[in-house]
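Q: Protein chains in written order, with full-length UniProt numbering: chain G, 1 to 518; chain W, 1 to 518.
Be aware that one or more of the hints could be misleading.
When chains are identical, the list treats them as one kind, so a pair holds in a single copy or across two.
[Said to hold, decoys possible] Keeping only pairs whose Cα atoms sit at most 27 Å apart, straight-line, the calculated DSSO-like set for lysine-lysine is:
no. : residue 1 : residue 2
1   : Lys514    : Lys412
2   : Lys291    : Lys246
3   : Lys84     : Lys127
4   : Lys138    : Lys99
5   : Lys75     : Lys138
6   : Lys138    : Lys84
7   : Lys75     : Lys291
8   : Lys75     : Lys320
9   : Lys138    : Lys74
10  : Lys99     : Lys408
These aren't lab readings, by the way, just hints derived from the structure by calculation.
2 protein chains.
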Amino acid sequence: MFRLLGANRATTTRAPAMLRRLLSSSVETMQQEDSTTRSKVLTLETMNPNVRTMEYAVRGAIPIRAEELGAQLKKQPGSLPFSKITPCNIGNPQQLNQKPLTFLRQVSALMEYTDLLSPEMIDGTRKLFPEDAIERAKRNLSYVNNAVGAYTQSLGIQEIRENVARFIANRDGYPADASQICLTTGASGAVERVLDILVSNPNVGVMIPIPQYPLYTATLAHLNAQAVPYYLQEESDWQLSIDDLKRALNEARTQGTDVRALVVINPGNPTGGCLLEDNIAEIVNFCEQEKLVILADEVYQTNIYTGTNPFVSFKKVVSKLGSSVELFSFHSISKGMIGECGRRGGYYEAVNIDEQIMGQLMKMASVSLCPNVQGQMAVDIMVNPPQPGDASYEQYQSEVGAIYESMKRRAKKLAAAFNSLPNMSCNDAQGAMYLFPRVELPQAFVDEAVSRGQQPDAAYCMQMLEATGISVVPGSGFGQVPGTFHFRSTFLPPEELFDEFIDGFRHFHEGLIKRYSS
Amino acid sequence: MFRLLGANRATTTRAPAMLRRLLSSSVETMQQEDSTTRSKVLTLETMNPNVRTMEYAVRGAIPIRAEELGAQLKKQPGSLPFSKITPCNIGNPQQLNQKPLTFLRQVSALMEYTDLLSPEMIDGTRKLFPEDAIERAKRNLSYVNNAVGAYTQSLGIQEIRENVARFIANRDGYPADASQICLTTGASGAVERVLDILVSNPNVGVMIPIPQYPLYTATLAHLNAQAVPYYLQEESDWQLSIDDLKRALNEARTQGTDVRALVVINPGNPTGGCLLEDNIAEIVNFCEQEKLVILADEVYQTNIYTGTNPFVSFKKVVSKLGSSVELFSFHSISKGMIGECGRRGGYYEAVNIDEQIMGQLMKMASVSLCPNVQGQMAVDIMVNPPQPGDASYEQYQSEVGAIYESMKRRAKKLAAAFNSLPNMSCNDAQGAMYLFPRVELPQAFVDEAVSRGQQPDAAYCMQMLEATGISVVPGSGFGQVPGTFHFRSTFLPPEELFDEFIDGFRHFHEGLIKRYSS
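Given the sequences, and given the hints that come with them, work out the whole structure.
A: This is the structure we're talking about:
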C-alpha cells in the first residue's frame, strides 16, 4: 500500500497552504526510514520529490482497501458483513456490467483477426457478423494497410483525425481542422501532455476548479507547478462564478504567480454540473482578456441528463465569439455511453494554438510512438457511428439509448435517496457519472477522526466500505470548502441491484448519524 | 514540421557540450518569432524549455519527409524516382507486412466480441476458431470478469503478472515475484516512469550507451537531468567496455554529477550487439560497487541470431551472483516475433527495489489508470504461448519459427551487402532488428553538408530518402564517436523485396561515393 504524502511535507509541496488543506486526503506521516533501506540508491529520500508529493485519491487508500476486502471475500465468502464490493470510486461502467456496444466490438474483433475477412472464411463470418461491421472493419483496416499491429503516425491515423474534425464540425456548426486534432491514450495522457508543455518553471500557475478531478492536482504537483484553485458554487448547481475566478486570479497574481491557464471540467467531475452557454462565453472572454489558455475537459459531453443544461462545447463558443483565446478541448472513449475505459483512447483539439507549439506537441507524441491502435479505432466509431439504413443502426441506437435512459434514472434515484437522508444534501446530476453529496458529519465523529489523525470525510468513507462494501472517494481527494465534507459516488451500479445498493448505504449512514448524534 | 533544437541552444540544454555534439541531429536554428505569434500565451519562448530541448530522431525530420513523399506518391504515382517508401527508420515489422501471430489475434478477437462465446453463437464460432483459442479467451476473460472494456488494476491484471513471473522464473532458473512486476504501455512508458522517479534534481546523472536509443536522451532532457555517455566498442561487435564505463563515471563524478543509474540496452539498439554473460556480471558488480541502479532494456531478448551470443538476462546474473544491486528490466510485445507495436504492451520487473518506492511506482501507475487491456492480454500470450498438445501449438511454432529464420537471413544478407560496398563497414547483428553501419563519407560531401548547416550523416540519409524512398535514421540521432558517421537501418523489408531494396540502396550509395570522390 502506498503512503499518501503532502499535507505534512511542507518542504516538498508547492501548493499554497490553503490548497494543501483543501486537497489533503491523508494525514498519515511518513515512516521513519528503516535502517535496512538506507543502503538503497533509490529511496523515499532520494526520489523525485514532485512524484512523492502527488496524490490521486480515485485510486487511493480506500479503493486499495476495497481490493483487499474483495480478495478476502473470494477466499472466505461470508467472512464480511456484505457479499461483494461495489466500486463507486471510479467511472468504470463495464466493471459494473454495462454491456459494450455490439457494433464497436464486432468491428474490433474483425480488425484483430483479419483472416475472418479472407475469401476462405468470409461465408462463416457473415453468419456471425452483420454486413456493415464487415464493411467498416475493411474500411478502417485500409487506413492502416491492414496492420493494426503496426505503429501509426504519432498524432494518430490521419483518416480518423479527419473523421473527428467532421464530428466536431457537425456538433458545433463551426469548422474543425484535422491538423489540429491529436489522438491520445485516453484524455488523461492528453491532459498530462498539455500541462507538461505549459509549465516552464515552478512559478507557473494553472487555475483549477474546487472540487476538481485529481488528475489535475496530481499532474501539477508532478510538474512542480502552482495549482490556483477557484470554487464551484454548490448552492447554484455547481455553476462557475466569474467573480470567484477573478478573486482567485488576482490573489495568485498578487502573490507573483505566473497564471497561464484555466482548467474547466464540463460536464463536471466530481460535481455533475453542466455549464450554460452564457457562463461559457463569460469564461472565454475572461480568459482572452486575462491571457489564459483554456483546458476544457469535455469527456462527459454526451452524459447530459436535463433539458435545461445541454452540453455546449468551449470550441463552439470560441468560434461563435470569434475569440482568439487558446483552447485545448479533451474527449475520450471511456465515458459517454461507450464506456471503453480499458481501451485507452481519446483525442484533443487545439484551437488558436501557435503553429510551432503544434510541432512541439507532435514531437512529444512521437517519443511515446503512438496511442494504441484499437483505442484510435474506437474513437473513429464514437465519432462516426452506424447511420440510418446501415444494418447495425437500430441496434446501436437502441443500445446507446438504453444505457443513457438507465443512467439518467439511476442519477435521479441516487440523488433523491441522498436527499432523503438526515445530514445529507445533494445536487442533481446535470451531466457526467457522479454525485457529490454533502454530509453534515456529527461533531463527535469529526473530533474522533481528527484525534486519530484522519480526515473526517476519509474516515466516513472508510467506515462505509468496511460496513457495506461500497467504495467511494472522500471529498478531500477533490477539494472542498474548508469545514464541509463530501464524497463522490458514481451512479453506475446495475439498475437491478440499485435498491440493494441504496439500502446498504442508507443503513450505514443512518446508523452512523444516530450513533454519533446521541 | 517540427524544429529540432538543441545544439545551438546552449542555455536551454543540460547535456555537456560533447554529448550535445554527439547527439545533435540538426543544426537548424530557431526562426525569429513571427510578430503575429507574440500575442499568444503558449509559444516557443514561454513553453517548458525541457520539452523544447528533447530530440527524437527515430520519428524526426527524415521520417516526416518520408510521409510527405508517401503522400505525393499516392496522389501522383510516377512522380518520384521510386514507387514506394521503404520505412527502415523504426522497428515496426507489421508495417512491412509481417503477419501477426494467428493465435494471438484469434484470442483477441474473441475477447473483443464476447457474444461469439455465447451458446447461440458458439457453433458458428467453432467453425472459425480453434478450440484452444476459445478456451484461452474464456480463461483470460475470467481475469477481468469478462470486461476488457473496464479499467484494470493500475499495475496490470494480477493473473497476468503471475504468468509473467512464471515466464521469468522458467527463462532464468531463478524465482520471480508477481508483486515486483508491473504491466505497462509498451516499454517506453515503463522507461519514462522509472527515469522520472529516479531524477530528483538537475544534477542527477544517468549513464547511457553511445550509440543509444534516443528515448533515453529525450526522456533525460525532458526531466532536465544529465545524460552521462559511455561508448560501445564498434571494433569488438559493440561490446561494453568496463574501462570506458569507469572513465565516464569518474569524469562525471569529478564534475560533481550525482550519477545514480546505468542504462544497458541488450540486445543493442541501434547496434545489434548482444552482451556475453561474463560482461554482464562485470557490469552488475560495477554497479553494485558504484551504487548505480541498472535499467536493463531487454525488449529484443528473443531477437537473437548467433550461437555465440545467447541472450542472458540481467535478472539472471543478479540472482546468480546474489547481488543486491537495484535493477529494473523492461520487456515489450512490440519486438521479438510478436511485433505487436500498435498494441502498446509491455512490463517491467523490479529487483531489489525499496518497498516504499514500489508503492510510489504504483501511485504513478494509478494516475494513468491502467495500460490498455488488450496490450496486457498480449503480454500474457507472449509469456504463455500454446503448449505441446494444444490445437494451435504447431501453427504458433511454425509462424514464430518462419519469422525468426527470415529475420536471421535478412540480418545476414543486409550486413553482407553493406560490407560489400565501398566506404562502408558493418558489424553483423547478434540480436535486435537493426544494423548500424559506418560510412566513410568523402571529405567533399562532409564539407558541402557543413557549409549548408547540415549534419553530414543527416544529409546522407536525406539524400538516400529522396533518391530511393528508403527511410533510415542518421547516426547523429543515436550518438557516435565524433568524426565517424553511421546510420541505423532495420532489416525488416519483406524478404521477397529484399534484393530490390538492397539494389536501390547500393545504387544510391555507390553513386554518391563516386560523385564526391572524383
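Q: Work down the list of hints and note, for each, if the structure agrees.
A: Okay, the hints, checked on the actual structure:
1. Lys514 with Lys412: For Lys514 and Lys412, only the intra-copy Cα distance (26 Å) is at most 27 Å; the inter-copy one is 79 Å.
2. Lys291 with Lys246: within (13 Å within a copy, 51 Å between copies)
3. Lys84 with Lys127: This pair counts as neither: shortest intra-copy Cα distance 38 Å, inter-copy 38 Å.
4. Lys138 with Lys99: both (24 Å within a copy, 17 Å between copies)
5. Lys75 with Lys138: between (46 Å within a copy, 21 Å between copies)
6. Lys138 with Lys84: between (42 Å within a copy, 22 Å between copies)
7. Lys75 with Lys291: neither (57 Å within a copy, 42 Å between copies)
8. Lys75 with Lys320: Result: close neither inside a copy nor across copies, 59 Å intra and 36 Å inter.
9. Lys138 with Lys74: between (43 Å within a copy, 19 Å between copies)
10. Lys99 with Lys408: Answer is within: at 16 Å inside a copy they meet the 27 Å cutoff, but 45 Å across does not.
Figure legend: structure checked against the earlier numbered hints; hints not met, in rising order: 3, 7 and 8.
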